[in-house]
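Engineer: Given next are the chains, with one letter for each unit.
Number of protein chains: 2
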Amino acid sequence: MSIIVHKYGGTSMGSVERIKNVARRVAKWHAAGHQIVVVPSAMSGETNRLLGLARELSPMPDGRELDMIAATGEQASSGLLALALQAEGLKARSYAGWQVPIHTDSAYTKARIKSIDDARIRADLDAGCVVVVTGFQGVDDAGHITTLGRGGSDTSAVAVAAALKADECLIFTDVDGVYTTDPRVEPDARRLTVISFEEMLEMASLGSKVLQIRSVEFAGKYRVPTRVLSSLTDPNMPLDEEMKSGTLVTFEEDEKMEAAVVSGIAFSRDEAKITLLGVPDKPGVAYAILGKVADANIDVDMIVQNQSVSGTTDFSFTVNRTEFARTLELLNSTIVPAVGAREVSSDDKVAKVSIVGIGMRSHAGVASLMFRTLAEEGINIHMISTSEIKTSVVISDKYMELAVRALHKAFGLETAPVTKV
Amino acid sequence: MSIIVHKYGGTSMGSVERIKNVARRVAKWHAAGHQIVVVPSAMSGETNRLLGLARELSPMPDGRELDMIAATGEQASSGLLALALQAEGLKARSYAGWQVPIHTDSAYTKARIKSIDDARIRADLDAGCVVVVTGFQGVDDAGHITTLGRGGSDTSAVAVAAALKADECLIFTDVDGVYTTDPRVEPDARRLTVISFEEMLEMASLGSKVLQIRSVEFAGKYRVPTRVLSSLTDPNMPLDEEMKSGTLVTFEEDEKMEAAVVSGIAFSRDEAKITLLGVPDKPGVAYAILGKVADANIDVDMIVQNQSVSGTTDFSFTVNRTEFARTLELLNSTIVPAVGAREVSSDDKVAKVSIVGIGMRSHAGVASLMFRTLAEEGINIHMISTSEIKTSVVISDKYMELAVRALHKAFGLETAPVTKV
Numbered sequence: 125m126s127i128i129v130h131k132y133g134g135t136s137m138g139s140v141e142r143i144k145n146v147a148r149r150v151a152k153w154h155a156a157g158h159q160i161v162v163v164p165s166a167m168s169g170e171t172n173r174l175l176g177l178a179r180e181l182s183p184m185p186d187g188r189e190l191d192m193i194a195a196t197g198e199q200a201s202s203g204l205l206a207l208a209l210q211a212e213g214l215k216a217r218s219y220a221g222w223q224v225p226i227h228t229d230s231a232y233t234k235a236r237i238k239s240i241d242d243a244r245i246r247a248d249l250d251a252g253c254v255v256v257v258t259g260f261q262g263v264d265d266a267g268h269i270t271t272l273g274r275g276g277s278d279t280s281a282v283a284v285a286a287a288l289k290a291d292e293c294l295i296f297t298d299v300d301g302v303y304t305t306d307p308r309v310e311p312d313a314r315r316l317t318v319i320s321f322e323e324m325l326e327m328a329s330l331g332s333k334v335l336q337i338r339s340v341e342f343a344g345k346y347r348v349p350t351r352v353l354s355s356l357t358d359p360n361m362p363l364d365e366e367m368k369s370g371t372l373v374t375f376e377e378d379e380k381m382e383a384a385v386v387s388g389i390a391f392s393r394d395e396a397k398i399t400l401l402g403v404p405d406k407p408g409v410a411y412a413i414l415g416k417v418a419d420a421n422i423d424v425d426m427i428v429q430n431q432s433v434s435g436t437t438d439f440s441f442t443v444n445r446t447e448f449a450r451t452l453e454l455l456n457s458t459i460v461p462a463v464g465a466r467e468v469s470s471d472d473k474v475a476k477v478s479i480v481g482i483g484m485r486s487h488a489g490v491a492s493l494m495f496r497t498l499a500e501e502g503i504n505i506h507m508i509s510t511s512e513i514k515t516s517v518v519i520s521d522k523y524m525e526l527a528v529r530a531l532h533k534a535f536g537l538e539t540a541p542v543t544k545v
Numbered sequence: 125m126s127i128i129v130h131k132y133g134g135t136s137m138g139s140v141e142r143i144k145n146v147a148r149r150v151a152k153w154h155a156a157g158h159q160i161v162v163v164p165s166a167m168s169g170e171t172n173r174l175l176g177l178a179r180e181l182s183p184m185p186d187g188r189e190l191d192m193i194a195a196t197g198e199q200a201s202s203g204l205l206a207l208a209l210q211a212e213g214l215k216a217r218s219y220a221g222w223q224v225p226i227h228t229d230s231a232y233t234k235a236r237i238k239s240i241d242d243a244r245i246r247a248d249l250d251a252g253c254v255v256v257v258t259g260f261q262g263v264d265d266a267g268h269i270t271t272l273g274r275g276g277s278d279t280s281a282v283a284v285a286a287a288l289k290a291d292e293c294l295i296f297t298d299v300d301g302v303y304t305t306d307p308r309v310e311p312d313a314r315r316l317t318v319i320s321f322e323e324m325l326e327m328a329s330l331g332s333k334v335l336q337i338r339s340v341e342f343a344g345k346y347r348v349p350t351r352v353l354s355s356l357t358d359p360n361m362p363l364d365e366e367m368k369s370g371t372l373v374t375f376e377e378d379e380k381m382e383a384a385v386v387s388g389i390a391f392s393r394d395e396a397k398i399t400l401l402g403v404p405d406k407p408g409v410a411y412a413i414l415g416k417v418a419d420a421n422i423d424v425d426m427i428v429q430n431q432s433v434s435g436t437t438d439f440s441f442t443v444n445r446t447e448f449a450r451t452l453e454l455l456n457s458t459i460v461p462a463v464g465a466r467e468v469s470s471d472d473k474v475a476k477v478s479i480v481g482i483g484m485r486s487h488a489g490v491a492s493l494m495f496r497t498l499a500e501e502g503i504n505i506h507m508i509s510t511s512e513i514k515t516s517v518v519i520s521d522k523y524m525e526l527a528v529r530a531l532h533k534a535f536g537l538e539t540a541p542v543t544k545v
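Read top to bottom, the protein sequences are chains A and B. Note that this note's numbering has the first sequence beginning at 125, numbered continuously upward. Note that this note's numbering has the second sequence beginning at 125, numbered continuously upward.
Derived by calculation from the structure, the hints in this document are not laboratory data. We put the beta carbon where it would ideally sit given N, CA and C, even for glycine. Treat the hints loosely; a few may be bogus.
As the list claims (entries may be wrong) - Some chain A residues flagged as far from chain B (calculated, every beta-carbon gap over 10 Å):
(1) Ser126
(2) Gly197
(3) Asp248
(4) Asp250
(5) Leu356
Said to hold, decoys possible - Covered stretches of chain B, going by a simulated chain A footprint (3 or more residues, C-beta under 8 Å):
(6) 183-190
(7) 202-208
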């Protein structure tokens, strides 16, 4: 008998009929002898509806009250799912985050899970219950309701799986796994059967929306085997088939991983690039620029500083495109006069394209194949940033799809590599 | 400085604009130096929407999960109201029932409040906060969410007022007070400025929907001065005017009460009457009949047993019209054979009309004026039931409005009596 955690997203919970399908699927797993904990999101649209009302009432809504409001979406869907499970003949009980309890810090609207008390869940599981736990929320030390931010239900599910030392955490979603790249851009994109935790982390941070990045961090920290799979299949599909579907995020690279050098291509169009030209090259200048940007709560992504020429240097960074205007204003009003830069150049029509693969650790020439491929397509590279298992470039956004397709082909991602096992 | 509890119903919380009006009204009371606790219902339609989803998922939904689902309506509206109060420049904080906590028993969907811990509310009030407390809900000893049943927010408000020893509990609703009878039936119906607690209790139990009966019981038990008034007035109306509006439920009969013998006329069309004819008149027969009806969770209202004639008697009672078919089936299948009744006669086209007034205690002839009035209109009386301050009759439902109007006139309710003060 295994402990299995299921997570269902808002689309999977989006109607009475879909909730019934979730219940049928859970019943199938339960009938196979597993102990099941289910973590549902709010019904699709519900969180946006609630936050929309909040914004109509207050232009700068208080985080504590926002969490009070938003947390109701998951509480309602959890109760509804428990009813659907009972209608399937199962014993079922739902718990809000504070009832488990799922302890978090007090950073309203983006709280982090500190610990989970698993006693109540375990007692119910041992009594034959399916336990439904609200995603997305917890409770702080003072007894206030908190939420974990967008996509937080993924994190809830993985954290509950970690607390229970579950055998697997299944993230049911409206895609059937993790792809080599977005199939809407590259029709030959291929579903990965396995992806390493580190690669998944890079994919998530680079804008692949399949899993919330914090859930991947949690899975990594507690080594929770996590599978991304589709909730849109027939809920009665054979269990052994379902257990092999989707994409497994794994920690056992050497034995199970595919032999690919590059596993996937991530991209993001939400980028804007800003360059300060002729910045006096002296200690503290990077902090003088980025410290003020950070103080304004603007997230900086890539940062590049060129070699100093005759005492001045050029300093470039990217921000989310929605922060572009605010960043430029901040630079021109405060930062440029303070650091004495000659000029600001900027471009909000750029995109970021990244290749990701743990094979890059041991294979030389991966980045150079990327650069050659882009050059052959006549695509100019504005910025380059690398990590151990990823290389990202900033390019003009009109070339983004072309770059993705060319790289997908150059790294042979349309065909599955021979696995080592 | 007084502690004042405001309660706002679902209609008053029904839209963003209405929630803003509630916030303006509360801000006015706060600006006058009062400490304010606000108890809102869910936005109108929300509870029905949630329970509708629940019923679609399960024909016999589990009470615990229903409460988990239904309680979200008040949690969301409370958070939204806190935001609206903050937008008015006030310090405000919302609490769910379990956060106060409001302790209840475990009778899901119709729980009763056992105690309220007022420490958290008091601390916030003393810190200058307006405190928003979810209506309708609490938490049981095992930490499960409970709800108090339809109209339970009235009870929450009165109970919170009792716990805080508040100076007054204001029930803001979509009517502007308690009337001598329903103005839709009798256009000359008049708003009462004061009503005694006992009369209010009878009015509520007889079907006047202004206050939930349990809230009146609570108000009586803890002697909470409770005022029913309109939320549809201009939120900026002068405070001294608003403080005198609506109807005050009072406990100080001798000093403040109007000199009327009858204060109001209540009525209900949701009635059905059942008579067992030729029941052997022996000890235990009433229990043999009504015990089984109670076991089937059917509420019996009026009960009349006639004088025995030659060893048999006729036994009549009324039930809610929705329980009529079920009650008849139970009688014919089980009870009639067991007690040996000759025949069952039944009528689900009956209504109950009641006159209520504490003056009936000291005035003779009140009931006889009622019977004479009905006789003069040619209305036949099927059953009569009396209490110390009420006389109810069951009549054919087609005469209900006629009876109400005739009695309203006969007891002179269209003009305010001279008060004793």
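Engineer: Is leucine 356/A truly not at the interface, in the sense that its beta carbon sits beyond 10 Å from all beta carbons of chain B?
Structural biologist: Given a closest Cβ separation of 20 Å, the condition holds.
Engineer: Would the non-interface assignment of serine 126/A survive a Cβ cutoff of 10 Å against chain B?
Structural biologist: holds (26 Å)
Engineer: Per the coverage rule (Cβ-Cβ under 8 Å, at least three residues), is the stretch 202-208 of chain B covered by chain A?
Structural biologist: holds (count 6)
Engineer: Against chain B, does aspartate 250/A hold up as non-interface, every C-beta pair farther apart than 10 Å?
Structural biologist: Holds, because the least Cβ-Cβ distance between aspartate 250/A and chain B comes to about 17 Å, which exceeds 10 Å.
Engineer: Confirm or reject: glycine 197/A is not an interface residue toward chain B, with every Cβ-Cβ distance exceeding 10 Å.
Structural biologist: The claim is violated: glycine 197/A sits with its nearest Cβ about 8 Å from chain B, within 10 Å.
Engineer: Since aspartate 248/A was said not to touch the interface, does its Cβ keep a gap of more than 10 Å from each Cβ of chain B?
Structural biologist: Holds: least Cβ distance 12 Å, greater than 10 Å.
Engineer: Count residues of the stretch 183-190 of chain B with a Cβ under 8 Å from any Cβ of chain A, then say if the count reaches three.
Structural biologist: n = 6 at 8 Å, threshold three: holds.
In summary, the structure is inconsistent with hint 2 from the numbered list given earlier, while agreeing with all the others.
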